[in-house]
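For reference, the chains in residue letters:
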Amino acid sequence: MSEPVLEVKNLNAYYYGNGVLGKKLKKQVLYDINFEVQEGEVLGLVGESGCGKSTLAKTILGLHADYDGEIIHHTNRPQMVFQDPKGSLNPAKTVGWIVEEPLRAYGKYSPEERRKRVIDMLERVGLSAKYAERKPRELSGGQRQRVGIAVALIQRPKFIIADEPVSALDVTIQAQILELLLELRRDLDLSYLFISHDLNVIRQISDRVMVMNEGRIIEQDTTEEIFTSPKTEYAKTLIDASLL
Amino acid sequence: MKKLKNSHRAPNYNLIWGCVITSIMVLMIVVSFFWTPFNPDAMSYAEKDLAPGGAHLLGTDNFGRDIFSRVMEGAGTTLSIAFCAVAIGASFGTVIGGLTGYFGGAWDEFIMRINDAVTAFPSILLALVIVTITGSGRTNIIFILGILFIPSFARVVRGEFAKQRQMDYVKNAKLMGVKPGRIMFVHILPNIAPVLLSAVAIGFNNAVLAEASMSYLGVGVSQTEAVSLGRMLLDSQAYWMTSPWQALSAGCAISILILGFALISEGLGTRPMWRPTTKRRRKQHA
Ligand SMILES: Nc1ncnc2c1ncn2[C@@H]1O[C@H](COP(=O)(O)OP(=O)(O)OP(=O)(O)O)[C@@H](O)[C@H]1O
Ligand SMILES: [Mg+2]
Numbered sequence: 002m003s004e005p006v007l008e009v010k011n012l013n014a015y016y017y018g019n020g021v022l023g024k025k026l027k028k029q030v031l032y033d034i035n036f037e038v039q040e041g042e043v044l045g046l047v048g049e050s051g052c053g054k055s056t057l058a059k060t061i062l063g064l065h066a067d068y069d070g071e072i073i074h075h076t077n078r079p080q081m082v083f084q085d086p087k088g089s090l091n092p093a094k095t096v097g098w099i100v101e102e103p104l105r106a107y108g109k110y111s112p113e114e115r116r117k118r119v120i121d122m123l124e125r126v127g128l129s130a131k132y133a134e135r136k137p138r139e140l141s142g143g144q145r146q147r148v149g150i151a152v153a154l155i156q157r158p159k160f161i162i163a164d165e166p167v168s169a170l171d172v173t174i175q176a177q178i179l180e181l182l183l184e185l186r187r188d189l190d191l192s193y194l195f196i197s198h199d200l201n202v203i204r205q206i207s208d209r210v211m212v213m214n215e216g217r218i219i220e221q222d223t224t225e226e227i228f229t230s231p232k233t234e235y236a237k238t239l240i241d242a243s244l245l
Numbered sequence: 006m007k008k009l010k011n012s013h014r015a016p017n018y019n020l021i022w023g024c025v026i027t028s029i030m031v032l033m034i035v036v037s038f039f040w041t042p043f044n045p046d047a048m049s050y051a052e053k054d055l056a057p058g059g060a061h062l063l064g065t066d067n068f069g070r071d072i073f074s075r076v077m078e079g080a081g082t083t084l085s086i087a088f089c090a091v092a093i094g095a096s097f098g099t100v101i102g103g104l105t106g107y108f109g110g111a112w113d114e115f116i117m118r119i120n121d122a123v124t125a126f127p128s129i130l131l132a133l134v135i136v137t138i139t140g141s142g143r144t145n146i147i148f149i150l151g152i153l154f155i156p157s158f159a160r161v162v163r164g165e166f167a168k169q170r171q172m173d174y175v176k177n178a179k180l181m182g183v184k185p186g187r188i189m190f191v192h193i194l195p196n197i198a199p200v201l202l203s204a205v206a207i208g209f210n211n212a213v214l215a216e217a218s219m220s221y222l223g224v225g226v227s228q229t230e231a232v233s234l235g236r237m238l239l240d241s242q243a244y245w246m247t248s249p250w251q252a253l254s255a256g257c258a259i260s261i262l263i264l265g266f267a268l269i270s271e272g273l274g275t276r277p278m279w280r281p282t283t284k285r286r287r288k289q290h291a
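Residue numbers (this note's numbering), protein chains in the order written: chain A, 2 to 245; chain B, 6 to 291.
Don't take each hint at face value.
Using 25 Å as the maximum straight-line C-alpha spacing, the simulated DSS-like pairs for lysine-lysine come out as follows [claimed, not checked]:
id, chain 1, residue 1, chain 2, residue 2
1, A, 28, A, 10
2, B, 168, A, 59
3, B, 53, A, 59
4, B, 179, A, 136
One-sided excerpt, in silico: chain B residues whose CB lies under 10 Å from chain A [claimed, not checked]:
id, residue
5, 51
6, 54
7, 176
8, 198
9, 210
Hints are computed from structural coordinates only; laboratory data are not their basis.
Idealized CB from N, CA, C, for every residue including glycine.
Produce the entire structure from the sequences given, and follow the hints as far as they go.
Here it is, written out as structure tokens:
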């Protein structure tokens with residue numbers, strides 16, 4: 002058995018809303034989540050819209066503070082590829098600036114070195130150097146998602162959470178991006194937690210799959226097992242619906 | 006392709022005309038630093054109360070001073086006061102609004118209550134109260150107006166920061182390991198620039214009006230300090246019957262300044278700022 006890159010134990014997460022009379026309303030979104038991501042694997046997470054997938058991703062990466070339970074990272078600087086690259090790339094900056102920013106934050110590279118790494122990384126995700134001068138909104142959806150991947154990868158993570166990275170894209174572009182993610186995993190020894198509500202996408206890319214329903218993980222097994230003999234009714238209905 | 010783009014995006018006339026009007030006024034003021042048609046303070050009994058026309062474009066006042074030269078210099082005084090007051094209000098307001106909006110929490114609540122208390126009164130009224138304590142004069146009114154402007158800027162900026170911090174690009178910046186200060190002022194601030202600039206334009210208007218009102222009431226720029234548009238209004242009211250062009254010139258100059266800023270603010274408010282210009286587009290196609 003290989004080493005885990007991430008362990009999540011007994012995780013509960015909450016949102017605080019505004020209730021009546023100025024009282025804070027506590028709403029639980031995730032219930033007792035337990036799982037591990039193994040080195041080199043793609044763990045798929047599937048569930049309906051609103052069941053808490055993004056909340057789980059954000060909590061794991063420290064972007065959501067209202068939780069209890071344990072989150073143990075065994076890698077440095079885990080990263081995220083966001084669902085909507087339109088929103089996750091700063092609209093006021095150029096692509097080159099955005100991809101360079103993580104390197105600036107670490108401050109140990111000279112400007113020329115940073116520049117070179119940015120160009121290398123853009124080429125690595127299938128964009129030529131000329132895109133560095135453009136603003137995110139001057140790119141297509143697929144190109145934007147490539148930039149999103151470049152931003153994550155330039156920080157040399159070993160573990161990446163991809164939160165519906167292809168949901169906003171056309172089917173043909175989806176296939177290209179999935180291909181790129183798999184290729185990068187091979188070349189760079191990455192592990193993914195891959196989130197989607199689309200079972201076909203999950204089936205294509207995952208080694209193992211977790212099924213989430215209303216904030217709970219109700220089933221977790223190899224992709225093969227889940228798709229051939231799902232244990233829960235909920236998973237069965239999901240799979241039947243996806244085969245239509 | 007280009008035609009098609011332009012056809013459903015009419016030019017932003019508010020912004021264009023606002024910039025034209027403001028540029029003309031600013032140009033006139035800059036020229037006044039080096040040159041005015043006449044010495045604005047030179048009196049001449051022989052040329053007293055001349056009507057507009059001839060050598061004196063806007064006529065002369067009761068001391069025979071050239072009104073056009075005085076308007077040039079007075080607009081400069083008024084605008085420089087407005088500029089300093091807005092600079093103080095906008096910079097402190099941006100920092101306070103940025104911190105409270107970005108971090109939220111108890112401090113946010115506390116500071117916004119103070120804000121509400123201050124903005125509950127019309128700022129010109131507060132300014133008049135304070136000026137009776139501190140005394141009048143150019144420096145005093147700059148600081149009084151500047152400080153009174155802070156809450157309104159803080160409010161606008163706070164709202165924008167609270168909105169922006171929810172966006173994924175801010176979360177992404179956190180994941181990149183960017184420090185909060187840099188997220189606030191390098192990542193978020195450019196995205197709220199249109200709103201901030203629009204607020205600055207409104208701030209200029211309020212400052213010009215406040216200076217004019219205070220000087221008109223005799224608690225602004227003093228006679229010995231400089232000519233200001235508000236001061237000119239005060240000095241000219243006694244001569245409304247004999248030489249109305251004195252008051253009219255100062256009044257029109259104030260109105261034109263305000264019109265320019267109002268149009269800019271309107272233009273910025275109705276349009277997103279970050280969109281490619283035609284020049285940029287052309288470069289990409291080449
Ligand atoms: N900032 C927030 N404040 C309060 N409630 C929230 C917030 N964000 C999400 N929620 C709620 O938490 C629940 C889970 O949301 P989440 O975004 O994690 O779902 P998701 O599975 O990612 O959905 P989708 O597939 O649509 O992205 C939803 O019911 C949502 O309404
Ligand atoms: Mg989501």
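How the hints compare with the structure:
1. 28(A) - 10(A): Between residue 28(A) and residue 10(A) the Cα gap is close to 20 Å, so the pair holds against 25 Å.
2. 168(B) - 59(A): With a Cα-Cα distance of about 18 Å, the restraint between residue 168(B) and residue 59(A) holds, given a limit of 25 Å.
3. 53(B) - 59(A): violated (76 Å)
4. 179(B) - 136(A): holds (20 Å)
5. 51: violated (60 Å)
6. 54: Result: violated, 55 Å to nearest chain A Cβ.
7. 176: holds (5 Å)
8. 198: holds (8 Å)
9. 210: violated (26 Å)
Checked against the numbered hints listed earlier, the structure breaks hints 3, 5, 6, 9; every other hint is satisfied.
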